[in-house]
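Can you build the whole structure from these sequences, using the hints too?
There are 2 protein chains.
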Amino acid sequence: MTVTSTTIVTPQKIAFEQAFALQSGAVLPRFDLMVETYGTLNETQSNAVLICHALSGNHHVAGRHHPNDKHPGWWDNMVGSGKPIDTDKFFVIGLNNLGGCAGSTGPTAAHPETGTAYGADFPMVTVQDWVRSQKLLAEHFGITQWAAVVGGSLGGMQALQWTIDFPECVRHALVIASAPKLSTQNIAFNDVARQAIITDPDFHGGSYAQHQTKPKRGLRIARMMGHITYLAEHGIDEKFGRKLRHESYGYHYDIDFEVERYLRYQGDKFADSFDADTYLLMTKALDYFDPAAAYENNLQAALSHVQAKFLVIGFSSDWRFAPERSRELVKALMATRKSVQYVEVASQHGHDAFLMEDSPYIDAVRAYMNNIGV
Amino acid sequence: MTVTSTTIVTPQKIAFEQAFALQSGAVLPRFDLMVETYGTLNETQSNAVLICHALSGNHHVAGRHHPNDKHPGWWDNMVGSGKPIDTDKFFVIGLNNLGGCAGSTGPTAAHPETGTAYGADFPMVTVQDWVRSQKLLAEHFGITQWAAVVGGSLGGMQALQWTIDFPECVRHALVIASAPKLSTQNIAFNDVARQAIITDPDFHGGSYAQHQTKPKRGLRIARMMGHITYLAEHGIDEKFGRKLRHESYGYHYDIDFEVERYLRYQGDKFADSFDADTYLLMTKALDYFDPAAAYENNLQAALSHVQAKFLVIGFSSDWRFAPERSRELVKALMATRKSVQYVEVASQHGHDAFLMEDSPYIDAVRAYMNNIGV
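Going line by line, the protein sequences match chains A and B.
Every letter in the first sequence is one number past the one before it in the working numbering, and letter 157, counting from 1, is 192.
Every letter in the second sequence is one number past the one before it in the working numbering, and letter 176, counting from 1, is 211.
Please keep in mind that the hints were generated in silico from the structure rather than gathered at the bench.
Any given hint might turn out to be false.
No copy labels: a pair is met if it fits in one copy or bridges any two.
Only pairs whose alpha carbons sit at most 16 Å apart, straight line, appear in this in silico EDC-like list of lysine to aspartate or glutamate [claimed, not checked]:
1) K304 - E174
2) K344 - D200
3) K278 - D325
4) K170 - E203
5) K278 - D322
Quantities reported herein were computed from a predicted structural model and do not represent experimental measurements.
Put into structure tokens, the structure is as follows:
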């Protein structure tokens with residue numbers, strides 16, 4: 036099965052009719068995971084690759100859902116036939132995480148007892164919860180060991196957590212534009228984003244669906260701010276500079292500078308399409324991620340039982356999860372004598388680089404994946 | 036007159052009963068400037084120093100208004116008897132800028148024709164407008180030439196603009212933690228801040244006073260976000276790290292991390308005390324500041340007629356106006372053979388360092404001011 040950017044792919048919803056206890060203590064009575072697969076699982080189930088998504092991603096990684104789809108999946112440049120994560124070789128699974136808003140059980144899904152959307156009642160989920168739910172997903176497909184778990188940003192955190200929680204189940208982890216934990220500044224930005232949403236009068240304590248409204252204002256502000264942190268300072272300067280929309284200053288609060296138009300557009304688009312409760316819990320999963328915490332803040336200790344080999348990639352202009360953060364992980368892996376390759380890519384794309392096509396990056400993933408035996 | 040941190044100082048409101056045309060084309064029929072002075076103007080008027088404030092500053096630079104005042108003026112560590120800007124030597128003027136909300140004519144002041152607050156009807160002001168209003172202020176005091184114009188951040192921009200617009204009126208300019216224009220990222224953050232305020236349902240197009248309300252939610256979000264950009268990434272890490280408020284994660288959206296408590300406190304305090312319309316126009320004055328623009332984006336050309344000598348100071352961990360931005364100004368001054376001293380201070384305090392007491396910084400200002408003849 037050849038997978039190209041125009042291949043029509045069909046997501047599937049996989050039901051898990053079992054109680055699922057979360058790290059918070061809450062228990063989901065059952066849950067669904069929305070999934071897309073590409074390629075074919077081989078007989079020995081040795082060619083399975085899990086793609087973990089970041090804050091606003093989902094299961095739709097590659098191909099198109101309809102012939103008229105404007106865009107392919109979010110990592111279509113990385114996943115497909117002949118692409119760095121080659122679906123002619125690998126069986127690739129993309130999923131929407133638990134708590135997401137793209138079909139998996141989350142705040143927008145119906146509570147099995149009430150029949151109405153969970154909304155604010157959906158419990159918080161952690162990276163560890165996601166990994167355990169992904170383990171059940173692996174079992175559903177008869178996969179006992181991933182050839183690789185791959186992710187950028189929050190997705191890379193899931194890849195890392197997999198190697199810690201299920202060491203024997205991951206041969207390779209690709210941790211891209213990620214960090215072993217958030218910095219104080221990362222947490223601070225997340226809290227401002229959440230406060231923008233929570234204080235929006237349309238938020239209604241998270242139960243906005245029951246009020247037939249959406250906290251779009253807050254979600255828009257959160258995304259605009261977030262978007263700035265995804266872009267390199269120099270990159271955004273090169274792209275927009277101080278370019279004006281009109282010939283001169285307007286002396287008003289409409290759009291003066293092109294960068295304002297761009298940011299507001301990004302904010303509007305996101306606020307129209309994404310769920311605020313999901314955004315909140317995703318940022319919280321980021322804040323809470325800290326695998327070293329259970330080991331007296333010793334990352335080496337947290338990694339001591341890891342069996343996977345690592346490819347870690349950082350981007351020079353990423354100031355959200357700067358290369359220094361990747362290097363923390365690399366150093367800890369080296370100190371525990373794990374196998375790790377590290378690539379630091381010169382890029383103007385900031386944190387967003389993990390979704391872009393800077394060639395040393397794409398080449399590094401391709402070479403690494405080529406060398407994985409199946 | 037000795038000025039210490041406990042000296043009781045009394046602001047004065049100075050009325051300018053004359054039409055004042057703004058860069059936008061709008062005309063103020065009259066205006067007031069709220070002012071505080073420290074020290075004594077000498078007979079030759081050669082010892083006058085103007086302190087220009089930043090985004091949220093005002094005229095209250097040093098001393099206290101009441102014996103029970105909790106805090107002294109915002110630059111009390113810099114201005115006073117025996118302090119780096121020594122009021123035993125200099126006659127120092129602090130003012131609240133036009134458009135401010137601390138007593139000068141601005142959105143919260145009464146429109147002379149209607150008697151009600153200007154609100155959204157207050158026109159936008161620019162750094163050039165401020166400098167022209169400060170020129171009238173100088174004339175009011177009989178000052179034809181400042182010994183020095185001093186400011187940090189947006190205040191530094193005013194000092195720079197003074198040297199360009201009135202070259203013969205400034206002997207020394209101290210431009211601290213500033214930039215010759217905003218970067219794209221700076222503008223982007225400002226626009227998110229403004230959008231947070233403007234989309235707050237309590238904003239009412241800026242006429243919130245008429246609706247007996249205030250857009251506190253939006254102003255709070257704007258300030259929380261702004262505050263992150265004032266702090267060094269490493270500094271905030273050192274101060275708060277991932278310190279929790281309670282022993283473990285709360286799995287809720289209340290405060291988990293100490294940095295959240297701090298930021299929300301800063302946001303609340305600011306939203307209670309500052310005016311939203313003023314915040315908007317201050318950020319716009321920042322965005323619009325670009326003295327090179329009138330000279331085909333050639334900063335050297337903009338500086339060609341400058342007569343003042345400069346002390347420029349940048350702080351290593353300031354990522355809002357990074358040292359590189361100060362160096363742009365320094366290089367342009369050097370290229371036009373102006374007198375400039377540049378000090379780059381190693382500091383953990385980020386942009387806020389200009390308000391702090393890192394000793395090489397304080398010492399540099401002291402030494403520079405000591406050497407100014409009066």
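Worksheet item: Looking back at the numbered hints, which does the structure fail to meet, lowest number first?
Response: 1
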